[in-house]
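Trainee: Sequence:
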Amino acid sequence: MDILSFKSHCIVAFLFRITLVVYSNFHDKSFNVLYTDVDYKVKSDLPFAMFTQAMVMVIYNSVLTSQYFFWYLSLLPLCLPNVRMSIKRSLCLGSIWILSQGLWLLFAYLLEFQGLNTFTYIWLSSLLFFVVNVKVLNDIIIYYKY
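Be aware that the sequence shown starts at 1, since it is given in the working numbering, and climbs by one per residue.
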């Protein structure tokens with residue numbers, strides 16, 4: 001079986017894009033809900049979209065290390081002006097996140113550096129850390145004002 005050349009890939013991609021443009025024009029004329037109904041005017045949503053995508057990618061990744069948190073934490077300051085969450089709730093979520101991460105790191109430390117059998121505890125703390133991350137992301141999405 002022949003492998004398609006780069007030129008063939010470009011032609012297929014171009015034809016696919018033209019098909020989508022033609023379909024979107026047909027859809028916009030035929031239905032009430034527009035196919036191309038995307039709000040491109042709100043530029044402040046781009047950092048939020050990048051933040052949520054990075055956080056979801058890190059949360060659901062099969063490998064998790066602490067440096068991955070910087071992928072989305074670096075985008076958090078750009079999103080914070082639009083997050084209308086109370087200080088009390090923010091501090092509570094931040095504390096729970098730090099505590100669950102600390103618990104996870106504690107068991108990892110005990111395994112790697114002390115040689116203790118903490119696999120069950122790492123698994124349980126990973127489940128807790130996953131749930132806390134999903135809760136934090138969910139609350140940030142809920143309290144984000146467009």
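Please note: incorrect hints may appear among the correct ones.
[To be verified] Here are the simulated distance ranges between beta carbons:
hint	residue 1	residue 2	range
1	119	61	17 to 25 angstroms
2	143	6	39 to 47 angstroms
3	142	115	22 to 30 angstroms
4	74	13	26 to 34 angstroms
5	88	61	25 to 33 angstroms
6	10	84	27 to 35 angstroms
7	45	65	50 to 58 angstroms
8	18	62	52 to 60 angstroms
9	12	62	49 to 57 angstroms
[What the hints assert, rightly or not] No farther apart than 35 angstroms at their CA atoms in a straight line, the calculated lysine-lysine pairs in the DSBU-like style are these:
hint	residue 1	residue 2
10	29	145
11	29	88
12	145	135
13	7	88
14	29	7
Calculated from the structure, these hints are not laboratory results. The model shown is predicted, which means the values in this text are computed figures rather than measured ones. Glycine is no exception: its CB is placed at the ideal position from the N, C-alpha and C atoms.
Trainee: Against each hint, give a clear statement of whether it holds in the structure.
Mentor: Here is how each hint holds up against the structure:
Against the hinted window of 17 to 25 angstroms, the Cβ-Cβ separation of residue 119 and residue 61 comes to about 19 angstroms, which satisfies the hint. Roughly 46 angstroms separates the CB atoms of residue 143 and residue 6, a value that falls within the hinted 39 to 47 angstroms. At about 43 angstroms, the CB distance of residue 142 to residue 115 disagrees with the hint of 22 to 30 angstroms. Against the hinted window of 26 to 34 angstroms, the Cβ-Cβ separation of residue 74 and residue 13 comes to about 32 angstroms, which satisfies the hint.
Under the hint 25 to 33 angstroms, the C-beta atoms of residue 88 and residue 61, about 31 angstroms apart, fit the expected range. In this structure, residue 10 and residue 84 break the distance hint of 27 to 35 angstroms, their C-beta atoms being roughly 45 angstroms apart. Checking the proposed 50 to 58 angstroms range against residue 45 and residue 65 shows it is violated: the Cβ atoms sit about 29 angstroms from each other. For the pair residue 18 and residue 62, the beta carbons lie near 38 angstroms from each other, so the given range of 52 to 60 angstroms is not met.
A hinted range of 49 to 57 angstroms for the beta carbons of residue 12 and residue 62 is inconsistent with their spacing of about 32 angstroms. In summary, the hint linking residue 29 to residue 145 is supported, as the alpha carbons are separated by about 31 angstroms, within the 35 angstroms threshold. Among the hinted pairs, residue 29 with residue 88 is inconsistent with the structure: their alpha-carbon atoms are about 48 angstroms apart, more than 35 angstroms. For the given pair, residue 145 sits about 18 angstroms from residue 135 by alpha-carbon distance, which is consistent with the 35 angstroms threshold.
Under the criterion of a C-alpha separation no larger than 35 angstroms, the hint pairing residue 7 with residue 88 is inconsistent with the structure, at around 57 angstroms. For the given pair, residue 29 sits about 33 angstroms from residue 7 by alpha-carbon distance, which is consistent with the 35 angstroms threshold.
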